[in-house]
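Participant: Here is what each chain is made of, one letter per residue.
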Amino acid sequence: MADALVLDGVELPSRLILGTGGATSHAALEAAIRASETALVTVALRRLDPAAPSLLDVVERCGVRVLPNTAGCYTATEAVKLAHLAREAFGTAWVKLEVIGDEETLLPDGVELVDAAARLVGDGFTVLPYTSDDPILAQRLADVGCAAVMPLGAPIGSGLGIRNPHNIALIRRLVTVPVILDAGIGTASDAALAMELGCDGVLLASAVTRAEHPARMAEAMRLAVRAGRLAHLAGRIPRRLHATASSPTGGMPW
Amino acid sequence: MADALVLDGVELPSRLILGTGGATSHAALEAAIRASETALVTVALRRLDPAAPSLLDVVERCGVRVLPNTAGCYTATEAVKLAHLAREAFGTAWVKLEVIGDEETLLPDGVELVDAAARLVGDGFTVLPYTSDDPILAQRLADVGCAAVMPLGAPIGSGLGIRNPHNIALIRRLVTVPVILDAGIGTASDAALAMELGCDGVLLASAVTRAEHPARMAEAMRLAVRAGRLAHLAGRIPRRLHATASSPTGGMPW
Amino acid sequence: MADALVLDGVELPSRLILGTGGATSHAALEAAIRASETALVTVALRRLDPAAPSLLDVVERCGVRVLPNTAGCYTATEAVKLAHLAREAFGTAWVKLEVIGDEETLLPDGVELVDAAARLVGDGFTVLPYTSDDPILAQRLADVGCAAVMPLGAPIGSGLGIRNPHNIALIRRLVTVPVILDAGIGTASDAALAMELGCDGVLLASAVTRAEHPARMAEAMRLAVRAGRLAHLAGRIPRRLHATASSPTGGMPW
Amino acid sequence: MADALVLDGVELPSRLILGTGGATSHAALEAAIRASETALVTVALRRLDPAAPSLLDVVERCGVRVLPNTAGCYTATEAVKLAHLAREAFGTAWVKLEVIGDEETLLPDGVELVDAAARLVGDGFTVLPYTSDDPILAQRLADVGCAAVMPLGAPIGSGLGIRNPHNIALIRRLVTVPVILDAGIGTASDAALAMELGCDGVLLASAVTRAEHPARMAEAMRLAVRAGRLAHLAGRIPRRLHATASSPTGGMPW
Amino acid sequence: MQLVVNAVASTVDEGITVADVVRMLAGEDPRGIAVALNGDVVPRSRWAQTRPAEGDQVEVLTAVQGG
Amino acid sequence: MQLVVNAVASTVDEGITVADVVRMLAGEDPRGIAVALNGDVVPRSRWAQTRPAEGDQVEVLTAVQGG
Amino acid sequence: MQLVVNAVASTVDEGITVADVVRMLAGEDPRGIAVALNGDVVPRSRWAQTRPAEGDQVEVLTAVQGG
Amino acid sequence: MQLVVNAVASTVDEGITVADVVRMLAGEDPRGIAVALNGDVVPRSRWAQTRPAEGDQVEVLTAVQGG
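Protein sequence lines correspond, in order, to chains B, R, V, H, P, Y, A and X.
Our numbering numbers the first residue of the first sequence as 6 and each following residue consecutively.
Our numbering numbers the first residue of the second sequence as 6 and each following residue consecutively.
Our numbering numbers the first residue of the third sequence as 6 and each following residue consecutively.
Our numbering numbers the first residue of the fourth sequence as 6 and each following residue consecutively.
Our numbering numbers the first residue of the fifth sequence as 38 and each following residue consecutively.
Our numbering numbers the first residue of the sixth sequence as 38 and each following residue consecutively.
Our numbering numbers the first residue of the seventh sequence as 38 and each following residue consecutively.
Our numbering numbers the first residue of the eighth sequence as 38 and each following residue consecutively.
Bear in mind the hints are in silico, worked out from the structure with no lab data behind them.
It is possible that some hints are incorrect.
Said to hold, decoys possible - Think about it this way: if two alpha-carbon atoms lie no more than 16 Å apart in a straight line, the pair counts; the simulated EDC-like pairs of lysine to aspartate or glutamate are: (1) R:K86 / Y:D77; (2) V:K86 / V:D120; (3) V:K86 / P:D77; (4) H:K86 / A:D77; (5) B:K86 / X:D77.
Whole structure, please, built from the sequences with the hints as guidance.
Facilitator: Here it is, written out as structure tokens:
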């Protein structure tokens, strides 16, 4: 069953987006990217270090698309500037928009985020904002023209999974753009749950790059996202407080 | 990565065991069995209805092994007798041992279960008991010689998932035989979670057979069990209350 | 142990704030207010209906303070205007600030909320904003001068309890003003949990006014808020995955 | 509202039973007993140490009833013998029956427990068994004549609360004798939840005796048990996925 | 003279004051009442002098049950 | 002769064997079938020689969908 | 004479009673005490007449803190 | 002439272009690089003509691992 994730009119064959942060080496990262079968990976933009090997080589070898982020920005103005630099660097108008509100929790600042998103949409960017799971905030981001909304399940790198599935389901109901669960995923069942809640995709980094065996976890995530998607489409059985026999009660030999 | 489930010395290529109860037709069941890629399916033993099509034909076409159950038994004596009849009927000494304690919840009766298990082990059966998630009860079943223990996640057909992951993890620690999560699974993430908790396999029926699209859910379960298994082996990141940056904090252009 | 909730320098003897919405009659409401032993009740401001009995009579008989809300407002401008009318009507500068973003979920609109809060603080109001559980949003509301922040546990009237305790605990850490859990409480244990998470108070309406026996539930909430507060101050035992014996293991007669 | 817990025809004015294990001193224990306002405390039976102060003095000063336990027993035979010694020592036929199945988790052994319970009932004891949350096991204990069943919420001293509320509610439905939540309680909201699930009482020790401030936590537990009981009797509002307005939508001035 | 009082068209005497309008609806007990004239708050202290003109909208508000 | 086959009273010829009874219900395909005579299992190997007596209860069982 | 009292070897006078042993450990306050002689409960009513023999095991138990 | 390149004071030839600065750090492979001159983006198309002045701040950025 072909079932692409469509962002800004572009068909992505995989619903898993892989963040590259946290990998112990480019080799480990490349193995993880390949095992994940992702079509889109995030990168950050930082001062060039002549001594460092080129991350783009890895990305190009894997044949995946680049999604630059604005990690490290604390104001709309910083984020907008970094997005413009990223467009220059990578020749893509796609941006994972991050505007952080607190250094310790790395949680997004909704007010700055909406401001930055509106400005970047105006500048012709395809804006994919990393946001909290506040449903109304997600709705506002969609209203200003974001190509998708990317609510968190839990703080970045926490591995706490989806703390409030109820909000993710609400967001899915409130907006028409794709919803991508971003941040908090710790293991495969978290990714499957995100898709079962109706998310259109999952973005994760640390869960794979910081696992003991990144490539193996990358494969697990690939399967889990697919499994959750299929389960969502398959129409699960309702939850019942009581049992429903799965064997006939009649026909016993006594 | 070859990673078979070994029961009683027999290698099963899939860690997913499919119950056949609840399917709307043999055709739907066959499609689900094939999509699940299971190697073992449960069946019940009932009075022969000359008008009914043969379930064994389906099983044989799919090339899967049969695991007869003792569903419908309320005492050790009934269960032992039905197990012996099943061995005659199917020429297998494997049995999914069920001794129910309450008609409404279909929950297992631990005391009768241990009694029946000990008797069937003595009669040379390979006993796979459907049990509660009481860790000590699971330990006793292993002690009397069961080839695996199959604790429930929630009542049969309830789709409530794993109500007490803590107990399932305890059982995995307390016994050395395979642990197979049986009953309660509602959707893919439930199956993945079972494997992440360290279970060696998952047995489910209603979640697939009663889904809107059984074959699609069967594929979802196949992927979810594999995903959960890989995630378990991959060594997940620890849960942290606070965030861990996935992008460098240095190197910003300001 | 005297343990008042201090808002804007005013000592309130109870940490439970009761919303008056949903009561079937003024008599039922009065009984609930008395059983709750609250010192502060919310009211809404609406067009005067000459035929309706006076709610203020109930409030004055109970000797409690009034906290007018801005329920029904969808923009900062509406909320500011209604707050000014409330100040005229009740002679209090305290306001429970609500700016709703979605008619169905009644969830707050963070961007409008921060705008309205800043304007009302500038106009000399004591602003108590009903907000989502987004920690950064709560921080911004405190930054603009709100006297407390009132994050929701779940949607108004849903009775779903605290969907994301992690966020409530984060908010308590991020701000210095009082944190009052507002909306979502369904039963006593929800209120106790809120206090255990470090909240300084709990605001609830439907859980009491729409219960089968409002006065009885009001008493339950009074006790639960106190219980949760004491438990928070008592220093709970740590959670342990394994057991800790509560009887001596030595000294057995064999 | 008078609302006694009736065990074996005896009216206990409090629904909180306090275990005495873990207290740092008899003085701390006495303060906790008084703050809890319990009417029944558990004690263990061990070899007399002439140097140790008498626990019974504390109990008698507080005017509470003694409930001896069989902690430390691993077989029915041991437990029966210790129960008989306790009856001699304290002149009471009441016994908290414990038969442990695993040294590390201190989880009860259901099979031995049912055996011991049946024998002690036959010997004229009022048997209050500490059991797992397996509903059928609880039913069997009631069937052999136990005066109440005392399922665990989580392992002894773990403070993990009620891991499987669904099972506790099932037990309440399946048996007619009082259900007392025993073990696992960590804080006040756990105790309130137990009562809201329909339990008739709560037994806890470590949560109070090992808290930083035992007497304060004891008071918290007293209030929480009462709060949960009242909430159970008050008829809580149903859980709703969507909001229900708590202020009128009409009558706005625009 | 015609006023719109709480969204209801009402005929009132010329020169009526906001205080009069309040008295019409609430009687002699003015506790817990606020008034808006054409959308602007009229402080209680100015009710007696404030005279609505033909077609003015007068809102007279008070406390109702609210969460 | 009268037998009770799967709880149904049935008239059969004298000297009928269990194998005959199975054939009556299942035809020529004996796969996946078990038989109990008055509650006791009759091994497949003994179907041909086992002859139910007047009033005996014969249970003929097979696989059905079950979880 | 040698007894084992609460797992400790103790030398006692011939003809000592269980009541005497209890007195040795607990003094004059016999509340909350139970005794087992070689594993069997000795009812309080029989402490005065019961005389342990050479090598007997006497367990004297009482209440301690327990959950 | 002195420039501040990626926060490091550097001495460079007069008349150096942004393209030269990029070449200094990244060699002949200009893929995935962006430049800011005193905080403003310098489009790739204008690297060759853009000449930093004494004391200018030049930022040369590229892709690094990021989530």
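Participant: Holds or violated: are the alpha carbons of K86 of chain V and D120 of chain V at most 16 Å from each other?
Facilitator: This hinted pair holds, its Cα atoms lying about 13 Å apart.
Participant: Would the hint linking K86 of chain R and D77 of chain Y be met if the CA-CA limit is 16 Å?
Facilitator: holds, 8 Å
Participant: Going straight from one Cα to the other, do K86 of chain V and D77 of chain P come out at no more than 16 Å?
Facilitator: Holds, because 8 Å separates the two Cα atoms, which is no more than 16 Å.
Participant: Within a Cα-Cα threshold of 16 Å, do K86 of chain B and D77 of chain X meet the stated pairing?
Facilitator: holds, 8 Å
Participant: Given the hint that K86 of chain H pairs with D77 of chain A, does the C-alpha gap stay at or below 16 Å?
Facilitator: holds, 8 Å
Going through the hint list in order, the structure satisfies each hint without exception.
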